[in-house]
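> Work out the full structure: start from the sequences and follow the hints.
Line by line, the protein sequences are chains A and B.
Position 149, counted from 1, in the first sequence is what my numbering calls 149; the numbers after and before it change by one each time, with no gaps.
Position 231, counted from 1, in the second sequence is what my numbering calls 231; the numbers after and before it change by one each time, with no gaps.
In case anyone wonders, no lab produced these hints; they're calculated from the structure.
Since the model is a prediction, treat every value here as computed from it, not as a measurement.
Watch out, some of these pointers could steer you wrong.
[As the list claims (entries may be wrong)] Just a few of them, taken from the derived set where beta-carbon distance is under 8 Å, the chain A residues facing chain B: (1) SER10; (2) LYS70; (3) ILE118; (4) GLY119; (5) PRO122; (6) ASP267; (7) ASN273; (8) GLY324.
Each residue gets a CB set at the ideal place from its N, CA and C atoms; glycine is no exception.
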Amino acid sequence: MFVDKKLIVSHAPFWHNGSCIGERNYHIMLAALPAIIFGIMQYGSAAIGVISLAISSAMLWELAFNRAAKRPDSIGDGSAAVVGMVLGMMLPATAPWWLVIVGTFVAIVIGKQVYGGIGANPFNPAIVGLAILSLSWGKFMDFDAALVNYDFGFTAVYPLQLVKHASKNPEIFNVADVVNSFKIMDLLMGKQVGGIGAVFGLGIIVGGIYLIIRGFIRWEISLSFIVGVILTALLFQASDPTRYACPMFHLLTGYTLLAAFFIATEDSSSPVNFIPMLLYGAGMGMMTVLIRNIGAYADGIIYAVLIMNVANPLLDKIRPKAIGKAV
Amino acid sequence: MKKSFIGLTKPVLEYQSLTGLMTKPEKIAIPKKASLFFKGAYSQKDAVLLKIGEKVKTGQKLCLYKNSDEYAVSPVTGTVSLISSYLGNFGQSCAMVTIDTADTEEFDESFKAVCAAPSLDTARNFLTGAAGSPCFGCFSDPEKKIKTIVVCGTDSDILVETNGYIAASKSDIITKGVSILKKITHASTVIVALPKALVKDAGAIGGASGAELREIGSEYPSALPLVMMKNVMGQPVPAGKGPGDMGVCFFSAEAVASIGAAFTDGRIPVTKTLTLIRKDLSRVMVEARIGTPIADIFTACGVTVSEKDRIIIGGPMTGVSVYTEEHPVTPDTDAIMVQGSEDVSLVSDYPCINCGECVRICPMNIPVNMLVRFLEAGQYEEAADMYDLHCCIECGLCSFVCVSKMPIFQYIRLAKYELSRIPAAAEEA
Ligand code: SF4
Ligand code: SF4
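See below:
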């Protein structure tokens, strides 16, 4: 009796605000462009090679794993590309090709896919990749050694390494003097040595603000992370200015800014409720400076991120009571 | 309806201003066939009272099964031509009775005989199938002491303006309905809930009988009854309970108008007012007999439905899509929406990426990102115990913003439905 016209039947709601995962990821990549382009200008074609290889190999690992695990292909959503890109941004321009490929393998397969793919990874995949690389092939990750053949026209030493060195040898160096040898403006404008996409502070900040305004990352995490870094650094500096660097220095060197806008904000490994986001960001900022100042490593980002990732599920239990919930 | 460029702020869905008030409703002719639904799967094993070929009159009470109180009100005069099974949501089926309309209309007089002295029993026995589907269920539950009646001159979903239109255009008859309701239910307070734009036009409702006026916010979902309970009444409903447990009963403006009209003219109102939302989102008020196949309404209003379009009974956020244009107007069909295939938003099978958009938009503070993980795995009891499934008021906003386009709302309704079947299944066993 019914006229045979096939209608689409599905469940409410029948509208959607049009957001999608791809959009999110491609905007993250767009926001990273200023920092990457600057890195390429600074380090030349080698940097193009590293970034491109990182992105493409990450996508290929994702595809390979999708096929091997017989899961639907997910390289189109841009998430693997973002992981590869962020990893590439943290590497020195001189990273050999195999290092990049191993790094993206670890990031995509061990950091993300084995947990079930997008949304299920407890750790930031790019940081997992970086952690393994720096543990296993630390010398390729040593910016001073890696970039020794470059002539930049500015002090070509990795600032954090220098400060670590100085603070370990207080009889020879005064950290304050070492820090003062870097001008804040220079650091902001990228006149420093570091990862390809991690040196151009201003570019990263602009990209980050863009992402925040568009709502692609959560401002609470970025902001509390920065506040965490600044406050902790301030305390250390106040306790002994000859041994600890000033907050601005911590903010503008190493992976700090990259972490604030591109790493800490990774969706899957970060909390979504307001107070947990603040705790997560602030905790990560604090850990970063703690590790830098009293730990063994020059940069504390890797372990700060991993530690806070572990704490994330617990933190995210702090949430407002649902309305109508008894007890 | 799209995400704004600046995504930092929470997206806001506004109820639309009432445009339908400007236009006269489109009157749809009495249909050749009218269909009515009866709850529960149709099986001929039950003692069926209605016979094919039976003559019915407009306004006549029709009972399908011998041992059930459920009834429908015949919206037309004619002959029962078909009793069949109709498949609805989640695979639940119900019985559908089709009546072939006769040329001359006759009215059934049995309600007229009893309507002179309005009583709750009369209302319950004759009016639940009237336009607006007034429900008196909560008054028969001895555990619920209903003290407050809320008359909603608002529609809970976006773009729908049926009750707003009725509140503004029929305030006299609603006022009559309010005083009858007060008398028969002994409710001490009547509250009229209106959107700001209507306070001027419809503020007189209740008039001398003394109804309180409350203004409803313009931001979705503030006109959902459970949200009104919290924001307007200041009595948030505990999870798993309803307004009835708090002594509050909601009636739509149309339901109250039906009560008023029925006791005034002695005829059960069988003409439903509804909002038709066309593909371009333009809206028109329609008056059609209950039971009219929606195809008739489309023809009359110049809507063409093609392959792969979507027909939605209700509004865009909470409606239900149907698979055939033969679907009839029911006593509670407040809106019909047609979506062209190019506007149909689809869901994906992507997992949750934990972006938190849903958590930030949920009006009930539900951790949707966690909830959905359990619902996806079918762990409904855990979802209810730990992640507040029963606090959900079914507004659909979480699905609306989900970056992964997950069918969260569908999971939620399915989970609630499955959980509600557990006690029933236990009884059977
Ligand atoms: S439908 Fe979604 S947004 Fe609305 S109350 Fe339920 S969980 Fe919250
Ligand atoms: S909006 Fe969708 S993807 Fe984002 S947290 Fe909620 S369920 Fe997950």
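> Evaluate each hint against the coordinates.
Checked hints:
1. SER10: holds, 6 Å
2. LYS70: violated, 14 Å
3. ILE118: Because about 6 Å separates A/ILE118 from the closest Cβ in chain B, which is inside the 8 Å limit, the hint holds.
4. GLY119: holds, 4 Å
5. PRO122: violated, 11 Å
6. ASP267: For A/ASP267, the interface hint holds, since the closest Cβ of chain B sits about 5 Å away, which is under 8 Å.
7. ASN273: holds, 7 Å
8. GLY324: At about 5 Å, which falls below the 8 Å cut-off, the nearest Cβ of chain B leaves the hint on A/GLY324 intact, so it holds.
Checked against the numbered hints above, the structure breaks hints 2, 5 and satisfies the rest.
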